[in-house]
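2 protein chains.
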Amino acid sequence: MSEPDPGPGLREPRQDRSRATRRRLLEAAIECLAEVGWSGSTVAVVAERAGVSRGAAQHHFPTREDLVLSAVEFVSQERLAQLREHAADLPTGPERIRAVIDMVEHMYTGPLFRAAIHLWVAASSDERLRERVLVLEAQVGRETHRVALELLGVDESVAGVREAVQATLDLARGLALANLLSDDSRRRERVLRQWASMLDAALAEASKA
Amino acid sequence: MSEPDPGPGLREPRQDRSRATRRRLLEAAIECLAEVGWSGSTVAVVAERAGVSRGAAQHHFPTREDLVLSAVEFVSQERLAQLREHAADLPTGPERIRAVIDMVEHMYTGPLFRAAIHLWVAASSDERLRERVLVLEAQVGRETHRVALELLGVDESVAGVREAVQATLDLARGLALANLLSDDSRRRERVLRQWASMLDAALAEASKA
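Going line by line, the protein sequences match chains Y and H.
In terms of UniProt numbering, the first sequence is residues 1 to 209.
In terms of UniProt numbering, the second sequence is residues 1 to 209.
Don't take each hint at face value.
Identical copies look the same in the list; a pair holds intra-copy or inter-copy alike.
[To be verified] Restricting the straight-line Cα-Cα distance to at most 20 Å, the calculated cross-link-like pairs of lysine to any residue (SDA-like) are:
1. Lys208 x Ser197
2. Lys208 x Arg193
3. Lys208 x Gly153
4. Lys208 x Ala196
Keep in mind the hints are simulated off the structure, nothing from the lab.
Just chain Y, with the same shape it has in the complex (with noise of 0.2 Å):
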C-alpha cells in the first residue's frame, strides 16, 4: 500500500522548510564568500554558517561550484528585484541621478559584489568553473543594466547614453575594488558625487543632441 497522500496542507510546509533552507545556504554562501575568499568557502563550511546538516546542503548543492554560483544568481536577482521595487519612489530632475548612484554603489561594495570579486578570481585560473562564471555575468550583467536604464528614466537608443550608463557601472566595479582592503567611503564619496554631474550634463547632452 502506498503512503496516504498527506494533502496539500501538510505537503506545503515540507516544501516551504526546503525553500527556507535553500535560501539560508545561498544567503550564508554570499557572505562566506565575502568574508573569507573561494577556497575557505567549502559546502561543509557555508552549511555549518547556515545552520544545516552537511547531508542536506549537498541534497540541495552537490558541489562548491554549484552553490555559489546559484548563490551569486540568486542574491543578485533579490537585490535587483529590490532596486526595481524602489523605482517608483526616485525624485525626478538631476536628484534623482544621485539617488540611482547611491542605489548602484550600495549594490556594488556590499558582500554581494565582494564575493562575485572572489569568484571571478577564483574563475580566472579555473577553466570550467570559468565558463559557468561568463554565462552568470552575461546574465546579470544585462539585468543590471536594465535596471540602472530603468531607474535612471533614460533611453539608450539616443547616442551615448548606454555608453555613459555601462561606464557608470564600471565605475562602481572599480570603486568596489578600491573598497576591498580598506573602508574607501571617504573618497568614494567625492568621486561618486563629481560623477553624478558628469552624468547628468552627458544625459542632458544626448538627449538635445
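Could you slot chain H onto chain Y? The hints should help.
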C-alpha cells in the same frame, strides 16, 4: 690575508648579474601572478619561470610576500616612468585626453593590474599581507594619480579636477575587472570614447568656474 680587491672592472659585472637576476624574478612574478593567481605563484614556481635557481631566488626574496610585493612595486614604478617619458609627445586639446585615457587603459588591462587584482584578493583574507599591501597600494595610488595629472596637464587645485581624475582611475580599475575572464576590448572601446568626452567637458567646465 684578505682576498685581493677584484677592482671596479670585475666587481661591476657581478653586481650587474645580481641586478639582472632580481629583475628577471620580479618580471616573472608579475607574469605568474597574472596567469595562475596567488596560490600558484610560489617562489619556486617563479624562480623556474625566470630561469633562476631556487636558492638564488630565496637569497633575493625570502618569502612569496617579499617577492610579489617587490614585483608589483618595481613594475608599477617602471610603467609610471614609461608613461612620464611619453608626456612630452602628447597632442594638445581633446585629443590629449583620449591619448591619456588610452595610456591608462593600457596600464590597467595588462598583466600588472591583473597581478594586482590577485594580490588584493589574496590580501583580503590574510591580515599580515593586507597591512603590507595597503602601504604599497597607497604609495602606488598616489604616484599614479600624480602621473595622470601631469599627463592630462591639469591643475588639481581647481574644484572637481581631482575627483574627475580619480574617477578615471576608478573606471580603469572597473574595466580591468570586467576584462578578467574574457576579452572585453570592443565594449571597453565604446565606454572609453564616451568617458573621454565626459572628462573633456568636466575639465573644461572646471577651468571656467
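Evaluation of the provided hints:
no., hint, in the structure
1, Lys208 x Ser197, "both (17 Å within a copy, 15 Å between copies)"
2, Lys208 x Arg193, "between (23 Å within a copy, 19 Å between copies)"
3, Lys208 x Gly153, "within (16 Å within a copy, 30 Å between copies)"
4, Lys208 x Ala196, "both (18 Å within a copy, 19 Å between copies)"
In this structure, every one of the numbered hints holds.
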